[in-house]
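Work out the full structure: start from the sequences and follow the hints.
Each protein sequence line maps, in turn, to chains A and B.
Read in order, the letters of the first sequence correspond to residues 1 to 329 in this note's numbering.
Read in order, the letters of the second sequence correspond to residues 330 to 827 in this note's numbering.
Some hints could be false.
As the list claims (entries may be wrong) - Listed next, with one range per pair, are the computed distances between beta-carbon atoms:
(1) Lys217(A) / Asp649(B): 39 to 45 Å
(2) Gln411(B) / Pro92(A): 33 to 39 Å
(3) Ala308(A) / Thr407(B): 48 to 54 Å
(4) Arg450(B) / Ala165(A): 47 to 53 Å
(5) Phe116(A) / Asp773(B): 35 to 41 Å
(6) Pro92(A) / Glu473(B): 43 to 49 Å
(7) Val648(B) / Phe116(A): 55 to 61 Å
(8) Arg444(B) / Lys217(A): 47 to 53 Å
Keep in mind that the hints were calculated from the coordinates and are not lab data.
Here a beta-carbon is modelled for each residue, glycine too, at the ideal position from N, C-alpha and C.
For reference, the chains in residue letters:
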Amino acid sequence: MKSINWTRNEVLVFGVILAFCALAAASDPNFLSIPTLTDLMRNSIVLGIFAVGAMVVLVSGGIDVSFTAVAAFAMYATTVLLRDVAPDMGWPVAFVVATAIGATLGAFNGIFIALFGLPTLIVTLGTLSLFRGALLTFIGTAQISNLPSGMRDFSRWMMLRGTDADGNFYSLHWAFAFLVVIVILTWFILNRTMLGRAIYAIGGAPESARRIGINVKRTQMFIYVYVGALAGLAGIMHASLARISNPQDLVGLELSVIAAVVLGGARLTGGVGTLTGTLLGVALIVLVRNSLIVVGVPSVWQSVVIGALILLGTGLPAYQALRAQRRAA
Amino acid sequence: MSTSTAPLVTLQGVTKRYAAITALDQVDLTIRAGEAVCLAGENGSGKSTLIKVLVGVEQPSEGRVLFDGVAQARITPTAATQAGVQVIFQDFSLFPNLSVWENIAMTAERATGTRLVHRARARARAREVLDRVGVALDLNARVETLPVAHKQLVAICRALASDARLIIMDEPTTALTEREVARLLDLIRRLKADGVAVLFVSHKLAEVLEVCEHVVVLRNGAKVAEGDASEFDAASLTRAMTGRDVAETPPAPLDAAAAPLLSVDHLGKNGVFNDVSFTLHVGEVLGVAGLLGSGRTSLAKALFGLAKPDQGRVMLDGVDVPLGDPIAASGRGIGYVPEDRLTEGLFLEQSIARNIAVGRFDDHASGGILNLRALWAEAADWLGRLSVKAPDPQAPVRSLSGGNQQRVVLARWMARQPRVLILNGPSVGVDVGSKAEIHGIIADLAARGLGVIVISDDLPELLGTCHRILVMKAGVITDEVEGGAGVSEEDLSHRLAS
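This is how it looks when you write it as C-alpha cells:
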C-alpha cells in the first residue's frame, strides 16, 4: 500500500527540490557541498519556526498574518529590555523573555478569535498593524547593532565548524537544534495528543467538533498562544543570528512563510497539513532564495519563480483532486 | 425481547414551547432495546425538537424523559450519552480530513479522559466495531474520499464505538441509492439482534418500514398516529403526515371558456422525467402531486429554464419559450418560486425591500441609473398588497417568519406582473395560519387571470387550491384528477404512493 501518491504536495515539492538541486549541480559542481547544505540549514531556522506556527494555525482552519509583527515586537522589546535593565544576563533569559512576550501577544489574538469569535484573518491583519505600530511608536525605531552580551554569546555558539576538501569554510549554528526540537515538539502535540487531534478536528469540521464535546475556544486559545510563543522565539533568534536587532525587520515575510506552508500541502480551508510538507516547503523557498543564481536565473526573478512554484505546487494537486472528484461523481 | 425490563427511553407528555410557538405538544414515546421505531413527520412537525430533547440540547417545557425507567430531572448531553443515546445527523458530523479509524474512535477515546493519542488502542477499537457491523472499510482512508453510504457507516460505527444503545438516525435514506438503503436495512437488522435500538426520523420512511416495529407520526408538534409498523403502508403514512389541517375552501370553478395559456408538449429530460404534456389555462390553478424523487422539482425547473429538457417544447400564448434559459422564461412572463427559498429564493441578509426590488432593476433603470424612488415605492406597494407583516421594510428578510418570507418571494414576482407562476412547495415550513393565507393568495392570483402551477406533496393543499391535479410518479404523469371535492384525499394518496 506504500505506493507513491502523486497527488500529495510533499511528493511534488520533494521532486521539485531534487530537480532544482540536479540543475544547480549541473551548472555549478560546487553546489553539492557541505557549505551549501549548512547555509541552507542556517537560512531555514527562522523561516522554519515561523512556518511550523503558521501551519498549526492553518490546520485549525484559521490564518495568522501577525506572527512577523509579534516576532519583531518580542525581538526588539527584549533587546531593549536587556540592554537597559540587565545587560549581563545570559541568552536563555533573553529567549525566555522573548517567548513570553510572543505568547502574550498571541493570547491577545486568541482573545479576539476564541472569545469573541472574530474571523482570524481580520483579527491578525489588525494586530499585525497594531503590534508593529506599537513597537515603532512606544519602544523605538533605531536598530541596535551593539547587542547585549548574552545575545552575542549565542551568535557564536556553533554546533560544528570546519573546512571541506576544497578549503571552503562551513559552520552550523546551535540554533538549528532549536528548530529540530520545535518540530519534534509540535509533531508530538499534533499527532500524539488529543489536543493536537482536536486542532485537526476543528479545522476539518468545527460544528462536528463542538458536537463531540471539543472545547473549541480553549483549543483556539492554545493555538494562538503557542504560535505567538514560537514567533517570539524565532524573533530573538533572528536578531541573535543576524547580530542586529532592527524593529523594521521581519514584517513582510509573513506571506512567504504562509506560501511555504501551503506549498507543503496545508490547506487554506483547514484540517490538512503535515510537518514534513511544511519543512519541504520551507526548504524549497530557501533554496530558491539562496541558489537561484546558481542555476542561471537572475535573482530579480526570485519572486516570479516563487510565485510560479506556489501556483504549480498548490494548483496541480488541487486540479488532480478536482478531477478525481469529477470521476467519482 | 423481554418486556419486563424498563424501556430504554420513555417520553411522557413532553411539550416544548418556544415563546408563543408550541413545537412539541404532549408527546409520548417508548423505545425498547432491540426495537426500531419510525418517527415520521413533515418539515416543521416537531421531529428535530424531539431529537434535541432526547439528546439534552433542549429541555422540555412539560413532561418527563426516562432513561432505563429512571426519570431525568434535567437531561444533559452527557447524561444522554451515558444512557447510550447517540444521534447520527443528516450531515453525519464527521471529520472529513481525518481517517476512518480516528473518526470512529475519537468520541470514545475522548470519553476515557486521555490526553494522549493511544493509536493502537483506538485502531483496535475501530477495527472491532467495523467487524461487529460486518463491513470492510480501509481504516486509513480519509473520510472525505468515501462515498456517502460509507460515511454513514462510519457515523454508525462511531456511535457504536461509544456504546450506543439507541441510535437516532436523522433522514437516513435521503442521500442513499436503493441498493445502499437495502444494505443499511441489513445492518439495522443485525444491530437490533444485538440489542441496539434505532429511531428513524424522517419524512420519507416508507422504505425503512420493513425493519421497524413501531411507527409514530407527528404533525404540528402533536402525535397524530401511532401503531405497529404492519398497520402502515406508504399511503397511510403519507396521509397521516400530510393530513388535513385547515378547512379549505375549494377553488372557484374555472370558466369553461378560459383560453389556453401555457402548453407543454412531450417534454422530457433523460433519466428525470418523460413525455410530460399538459395545458394550463388563464386563471387556472394546476397542481402537480408527486413525492420526493418523482421528478416534480426537475419539471418545475425545466419549465422555468433552470434545467434544459432533452425533448419537447413549452409554448406561451402559442409561441415557443426557449428551453433552458431562465432569463428568457422570466422575460416572457413565467415566474418560479423555489421550494428551498432560503438558499434559492432569497437574499437572507438583505432587506425585505431590496429582496423585492431585485427583480425589477431593468424596468426602473434609465441609462444604467436606477430610479430608486419608484423602485422602493413599488416594493412597498407589493408588501402591502400581499400583507407581509414586517416591522420595517429595511429589516433583513432573515428576521421574518416562514410565511412572510414566502410572501416576499411572491411579492418579488408579482411586481414583475408574470403571466404564469410556478410555486414549488409554497407552504413548506410555514405555520398553519400562514398556509391558509398563502392559499388565499394563490386563489387571488388565479382570479386576476394568472396561470398558477402548484407543485407539492401536501395533498390537502393541492385539493384545496387546484382546479386540476396531475399525479407524477417516477418522472411520468400517471393520472389527472379534478381538484376541490372531486376526489378524496385518501384516493389521491393511494394514486401517489401505489
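Handout entry: Enumerated hints in conflict with the structure, sorted upward
Key = The structure conflicts with hints 1, 2, 5, 8, although it agrees with all the remaining ones.
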